[in-house]
Each structure stands twice: as C-alpha cells, then as structure tokens.
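> Please arrange chains B and C on chain A, whose structure you already have, making use of the hints.
Residue numbers (the numbering used here), protein chains in the order written: chain A, 1 to 117; chain B, 1001 to 1357; chain C, 2001 to 2126.
Certain hints may be false.
[To be verified] Here are the simulated PhoX-like cross-link-like pairs (lysine-lysine), alpha carbons at most 25 angstroms apart as the crow flies: (1) A:LYS52 with B:LYS1281; (2) A:LYS93 with B:LYS1132; (3) A:LYS15 with B:LYS1021; (4) B:LYS1198 with B:LYS1021; (5) A:LYS51 with B:LYS1281; (6) B:LYS1165 with A:LYS51; (7) B:LYS1165 with B:LYS1132.
I should point out that these hints are in silico values taken from the structure, not numbers from a laboratory. Computed from a predicted model, the values in this text were never measured in an experiment.
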Amino acid sequence: MLDMTATIIRNFLTKPHTRLYPITVREPFENVRGNLDIEIEECILCGICSKKCPSQCITVSKEEKVWTVDPFACVYCAICVENCPTHCLSMDKHHRKPVKVKEMNRQVQVKGPEKKK
Amino acid sequence: MATIVPFGPQHPVLPEPLHLKLVLEDEIVKQALPTLGYVHRGLETLASIKDINQMVQVVERVCGICSCIHAHNYCMCIEGLMGIEVPQRADFLRVIWSEMHRMHSHLLWFGLLADAFGMESLFMHAWRIREKIMDVMEATAGNRVIISINKVGGVRRDLSQDQLKWILKVLGEVEEELDKIKPVLTNDYTVKKRTVGKGVLTYQQAYELGAAGPQLRGSGVVQDVRMTGYGAYKYIDFAPVTEPDGDSWARTMVRFRELYQSIDIVRQLIGKLPEGEIAVKVKGKPSGEIVCRSEQPRGELLYYVKATGENFLDRVRIRTPTFANVPPLLAMLPGCEMADVPVIALSIDPCISCTER
Amino acid sequence: MAFEAKNITKNQLVSEVQSLKNNGFRFVTMSCVDLGDSLDLLYHFELNMQLTHLRLTVPKGDTAPSISGVYFAALLIENETKDHFGVNFDGLVLDFGGHLYLEEEVQKFPFCKVSVSDTKSEGGAL
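This is chain A alone, in the form it adopts within the complex (with noise of 0.2 angstroms):
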C-alpha cells in the first residue's frame, strides 16, 4: 500500500519535472532538427530538394530564381539537406513558432552563385 510513499516524499521536496514554458524553455539538443533554410546566394536551382521531398514542401523555379519552402508542410526529414549538391541547405536546431498566419518561406535569388571556370 505504502510503495509510493517514498516518492511522493521526494516530489514534494524536489523541484517541479516540468518547465513553465514561455518563460522558461528548454535550450534544443545539437543536431536536432528544426527549421529548414537556404543560403540562397549559393543555391544552383537544380531543384534536386524539391523532388526528394517525401511531402514535396519545396518549389523552385529556375526562371524567376526563386526558392520556396513550405513550413507548414514540411515534415523536418532533412532529405533535402543531405541531397543538395552544393550544401546550401540547412536546419538550425530550433523549431518554428506557432504563428497566427501561414506564410512561406520564399527566398528570391539576386546574385547567383560564381561561376567556376
């Protein structure tokens, strides 16, 4: 009958297992994988992303230069990542914010890439 007891003692005297959220949060583990972004200055726009994509989140157009994510879409494999020939591809170890309206990550090409000769 008494098995908790002990526990329950230790609880009570011990700090809370859990974290009040917005005010406190937790730093991300290394590695971990959070939000998808580009350097799109070194991207070719082969589009090699956005046909490895299990939930195709990416667009990219070759004419118009740009390159498009999904967040919302997106289901954080990093399959994209490990695929871009040039490793322009990257997640940082945070995840999205709840947010009030849905946008997309839309990256517009200015420059472009050197070209090696």
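Structure of chains B and C alone, referenced to chain A:
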C-alpha cells in the same frame, strides 16, 4: 432487455478513435461490434506516387509511436528485393533505436493504462520516465518521435562514443525508476482490482484469433518475431517474455518485463557494436515480391511489397499489430462489466491510426 | 527471404485453410494485389515462426469464398479488402457491406488502379 451503448470514438480514456457498439444486458456486455474508419488515410496507395526512398518517410507516418520499426521493416523489404547487404553497424544502430522506441511506447501505454484505471500519479510517473528516452531520441536522431533514421541501404546517423555512454547512463536511470514503480504495479490493490481476471483471453483463443505481440504472449504463447533474428537480433541473447494468465494483468506484466528486456538488449548491442560503415550506396530498382516481418511494441508487423522494377512500387501492404488484435478484443469483451471495458480495450494497446492506415 | 506462394483455386481454398488450421497454423493476414483485370489474394499463415503463403487469383468483380468461418480473425481483413478492391466474399461472418472504413456514399474501390477500358468506336464517331 438489451441496450446498445456506443463506446468511443471520443472517450475520456481512449487516446485513439476506436468505436465499439456494446450490446448490454444490465451491466454485462453481451456483444461488441467494432466500427473503424475515423482515421483511414489510405497510405498504402501512396506507393503509386512516391518513389521507393520517399516511401520510407510515408511508412514512418503509419504510426507515430513505432515509426522507427515501420521504416526498418520497409527498408528490409526493399533491401531484400534488391539483394543489398546492410553494413553490420547499421543493423545494430537500427535495432538500438527500435528498442528505444519500444521502451517509450510501452511507457506511454503504461501511463495511459494507469490513467484509465484512475491512478493519475502512476500515469505521470510513467511519462516522466519516458521523457528521458525521448530526450535521448531527440539528441541522437534529431526528433522526438518520428526519428527518421532509417534509409534504404543503412541508417542516416551514427552514434558517437559519448552518445553511447550517455545512452547507457540514461538506461541505468530508467531501470532505477522502473524498479521504483515495480512494487506499485505488482502489489497495489487498485491496479490488481482493475486488471486481474479482466478480459481473459485463453491460449487457444489467442492463437486461433491471430492475436499478436504482448497480447499473444500474455496468453502464454511463445511468439516473438525477434526470435527469427532479423536485423541485429541474431547477435544477442534473447528469450521472449510470456505470462500464462491471459488477462489484462498478464498483458501489463508482459509489457513491463519487456521494458527491462529492451534495456538489456540495448546494453548487449552497445557492448557488441561493431565499427564500420553505416550505409551502402543503393543503385537500381527493386523487382519481385517479398514478405518481411518485425516486432513492434504492439506485436508482429508484416509488410508485403511487390515491385516491378519501375520507379514506383506496385503494392505495399502493411499489416499492423492492432489490426490483428481487434478480433481478440471482440472475443474478450462479452461477459465483462461495462465499467471494465475501457481498461480491457486499453490493455490491447490499441493504435487505430496503425489499424486503418 | 524468398517469397513462395502455393497456387490454389476457389474450390480448394476453404478445405486447404481448414487443413492448415488443423495442423496448428496461425492466421496472420491476407493481402490483395491488383493485377489489372484480376486480383491476387495472398493468405499468410504462420507456424513455429515460419510463414506459409497461399495465392488465389480471382477475376475482378468475381466473388471469393470467405475463410472467416474457419479463422474468425479473417473477418476484418476480408471486409477491408471488400472496401478497397470490391471483392465480394461468400459467407462473411460479419459483413460491413463495403463500409468498414468508407462512408456510404463512396461508390468506388479506392485501391484499384484506374484503368481505362478500350472501347474504340468505329467510323470515327468520336
């Protein structure tokens, strides 16, 4: 006079949209009829528009809780069809993550069961222990639940020496915590009152109704797909956990003992973890038919894959354990009291998104 | 893991399944594969961790005998197959009438491949 009471899909104790039509006579259930289809997504047909590598991410989403094992099984199918030999280290890593998945799934279920019979403090304890494993998963694989570390030909991430040491440390802590809740589970009057002798499934019934996993082993049948030695299971000492009684209590104990077993398996694997590559390059397209099985937290998972050498697979058929566990549930419910239905339904560890895919 | 399935006919199915049951096999599941104008029904059984498979080929729109009388567990998968592929099973112990998953208004069989039948009209009327 018989009354028909609808049970679910929205029910305080059910985390899953399972609907049962219960035919009652006074307080006694006479018959139970299932209704499915609340979360049917038709994932199997996605095989016709997603290529073989994208399908890994699709099958991971059949069931959140056992995503790693789904992907593992799918990759085994494709590798079997293409004749790919996975590096040994990849096999070990897959199984390490699979066993972590089993532990977090069992702890999750354990919490839900405690919640179902009204012991909220035990529920919170179980989930607090689970959080340690979730942290390990997030730090090593990159996500908490859908860890997505399997790919056709190997795994996508490696475990460093520091991480392995940390995993062993966490396992030690988990074992210590489990030791603390073990007496609560085995001796407590409340737990026993709600589970012992409820929802009995005999050896014969379990076998003939095709039950799977802890439900089958809880009825004394020695059946565990890990016995076939797929993946890295062939390198370790392993004996399936069984309990003879076949009631909710036996199923609970099977799962609880499997937690210790998983800790032991991960320790053995880390002790024997070979060095080497973690993935091989995959070229070509699969063709042929194959059936692969693996053991999920909820039981035996079966994949049938048919490929014709094209970009897309012809057919992916997924038989999940809860699908097999619904007919035994229908056999268990008649004769029990209405108030026991939630606990009995939870004791099969229902996962309806698995069942309907 | 090679895949070998024993081919059987409609008439043999129930007696074959019954003899498997008498030999102590556990029913695992059934799979259905669309072959174009016919369907493959694959039955998977297990004994001592070894799988045994049976293969029954039925033309689309035809009925197949139900094995739910032998193995009660087969009723769910047979109902699912009826939902997805439109196979009618004779003697289902609990028949959901093709609406295990799907709503009443669904008229198609969603897992069947879309096939266009070749109806060439002569004389170029179209």
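> For this structure, which hints from the list above don't hold up?
Numbers 3, 6 - these are the hints that the structure violates, sorted from lowest upward.
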